[in-house]
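Chain A is already provided as a structure; the job is to place chain B on it using the hints.
Chain residues, written in single-letter form:
2 protein chains.
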Amino acid sequence: MAAPERIAIVGLGLIGGSLALALRRARPQTWIIGVDVDARTLEQAADERAIDAAATPDLVRLDGCDTVVLCTPAQPLLEMLPSVAARMQPGALLTDVCGAKELVCSAGAAQDRVIFIGGHPMAGTEFRGYVAANPALFSGCTVALCPPVGAADAGARRDAIRRVRELWTSAGAETLLDVEPDAHDRAVMVASHLPYLAAAAVAETLIESGSEAMLARELAAGGFRDTTRLAGDGTVGGAAALNRFVPGAARALAERLRALADALERTPDEALRRLSSVADERRRMRLPTPAPPPAKPFPR
Amino acid sequence: MAAPERIAIVGLGLIGGSLALALRRARPQTWIIGVDVDARTLEQAADERAIDAAATPDLVRLDGCDTVVLCTPAQPLLEMLPSVAARMQPGALLTDVCGAKELVCSAGAAQDRVIFIGGHPMAGTEFRGYVAANPALFSGCTVALCPPVGAADAGARRDAIRRVRELWTSAGAETLLDVEPDAHDRAVMVASHLPYLAAAAVAETLIESGSEAMLARELAAGGFRDTTRLAGDGTVGGAAALNRFVPGAARALAERLRALADALERTPDEALRRLSSVADERRRMRLPTPAPPPAKPFPR
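Heads up: the sequence lines are chains A and B, in that order. Numbering-wise, the first sequence is residues 1 to 300 according to the working numbering. Numbering-wise, the second sequence is residues 301 to 600 according to the working numbering.
Calculated directly from the structure, the hints in this document are not laboratory data. Computed from a prediction, not measured in an experiment: that's the story for all the values here. Ideal placement from N, C-alpha and C gives every residue a C-beta, glycine not left out. Be aware that one or more of the hints could be misleading.
Claimed, not checked - Chain A is faced by these chain B residues, among others (derived, beta-carbon under 7 Å): (1) P304; (2) A487; (3) A503; (4) L506; (5) S509; (6) G510; (7) D526; (8) T528; (9) L553; (10) L557; (11) A563; (12) S576; (13) A579; (14) R583.
As the list claims (entries may be wrong) - From the derived model, a few chain A residues whose C-beta atoms are all more than 12 Å from chain B: (15) E5; (16) P28; (17) A54; (18) A55; (19) S106; (20) R113; (21) N134; (22) A144; (23) S170; (24) R284.
Chain A on its own, in the form it takes in the complex:
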């Protein structure tokens, strides 16, 4: 019998913590090393038996791991990638969960010690930290996976692909989508980073509004809540900052809003026809409503 797989999860926040909990439930044999800068997080994850061993990033032994998953916020993730790869055993799998893939996969390709496969699970909530983690977070979700880069050994690459796919499938993912890093970043710009920036700008408007703010909060119905929910997820901002398509798209969105404002004043009938057509199209998208998270995060 082969030795159980050893996986290090670096960063036990919402995503890393949920991944640990999901893997623990689906693959009890897998040895999970939790890595975090926060001692309380490590303690809590160990208490819940989400991880088998706990370590801080500077002290963790990564050369004993088959797989390392980077789950920290975007900028530190990009910065630590080379040094993490350098400390792993040659030919092992390094992967990540960052919402921007071009820069991260470039960093993965700039070394040839390990196989790097960029990943991005399309899941999240506006809450953060290990306290918000739950084993069902990835249930039914889509995970984008980029082509392997780094170490060139063909056998090791096939093995790495198999392992990263098994990782997400056992964590609950329903669809694994093979995608090039730049196509990913363009698509995620529309699907996530632009909605995030719009939500943040709208939320900021309410936060900074003066005398009408209190009344606006009393009058805020489900529309405001839903439109701005994503603004509470600060981690998306980090990925958006690493996505080179975002600034141009945000300027185009600004122009779209300005044109809409002009149309509402000058040609309201036309503006309303346009908005009504958007409404019809949006309803037709029939985007699924996710299952609510389980009441208890994890059975102790």
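Just chain B now, with coordinates in the frame of chain A:
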């Protein structure tokens, strides 16, 4: 014993239909006349006994009603208000549900036959029409009510205020908020119309995006769904078009987005600190999640 109150609801869409269903359940004695241009809607509402009588707008006898509630889309509502008031009995109550109050209350003040009290229930879904109506739509919601205008009789005004408050309380509203029309429109601009326009602009970006559109749809997680949900509610657009504070606010939002795009390129650390502070504030808002609508719209 006084005769039962007679209420005409003009427009049996999501809001008017839900109001009829809620009143029928809470006040079975109230005589409800459903008014709509669509014969099938009238038939369905009558079949479900949501209404006691059905009529088209041109044929309905409004002079027998104590209260008329205008529940049509914003622009037709504004246009029909004077002729509806002219056909009612003097001193009766005319009220509405439009999301813009300045123009509508001005139209109500331009006649002196009936008491007009502008109302705005803060409730809705992205679905529309009588088929989407449900008697719990207003359960726990806030309703903004403007000061009475029109007929000057003090006794009739007191009576009208009492009746409009009872109307919404029995429909399930939890908070009745007395508010001036211009303060309402400023607040609703921030709370609803601006989020709506942002949602529509983001949804339109996805709809118009070319090659990346399919991939973007596959990658669209809960963030896109929630941010753009409001864009599916075309009725908000009609109210936004009647709100004089909207175009300026939309231009300010565009400027905010453009500045954010510049900051992400030039001073990303600063941009991320700003976004992170918005995220913290947004989470602190702790906006309530509404109760799901009942599985069955109405017991037959």
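Worksheet item: When the nearest CB of chain A is found for L506 of chain B, is that gap smaller than 7 Å?
Response: holds, 5 Å
Discussion item. Does the closest beta carbon of chain A sit nearer than 7 Å to the beta carbon of D526 of chain B?
Written reply: holds, 4 Å
Worksheet entry | Interface hint for A503 of chain B, Cβ within 7 Å of any Cβ on chain A | Since chain A brings a Cβ to about 5 Å from A503 of chain B, closer than 7 Å, the hint holds.
Fill in: Satisfaction of the R583 of chain B interface hint, Cβ to chain A closer than 7 Å
holds, 4 Å
Worksheet item: Beyond 12 Å from chain B, beta-carbon-wise, is R284 of chain A?
Response: Nearest chain B Cβ is 9 Å from R284 of chain A, so the label is violated.
Worksheet item: Going by Cβ atoms only, is A563 of chain B closer than 7 Å to chain A?
Response: This interface hint is violated because 9 Å lies over the 7 Å limit.
Discussion item. Does the closest beta carbon of chain A sit nearer than 7 Å to the beta carbon of L553 of chain B?
Written reply: Where the cut-off is 7 Å and the nearest Cβ of chain A is about 6 Å from L553 of chain B, the hint holds.
Discussion item. Take the shortest C-beta to C-beta distance between S509 of chain B and chain A; is it under 7 Å?
Written reply: Holds. Min distance 5 Å.
Worksheet item: Are all C-beta atoms of chain B more than 12 Å from that of R113 of chain A?
Response: holds, 29 Å
Worksheet item: For A144 of chain A, is the shortest beta carbon distance to chain B beyond 12 Å?
Response: violated, 6 Å
Discussion item. Minimum C-beta separation from S106 of chain A to chain B exceeding 12 Å: can you confirm that?
Written reply: holds, 17 Å
Worksheet entry | Interface exclusion of S170 of chain A relative to chain B, criterion Cβ beyond 12 Å | At about 20 Å from chain B, S170 of chain A clears the 12 Å cut-off, so the statement holds.
Checked against the numbered hints given earlier, this structure breaks hints 1, 6, 11, 22 and 24; the rest are met.
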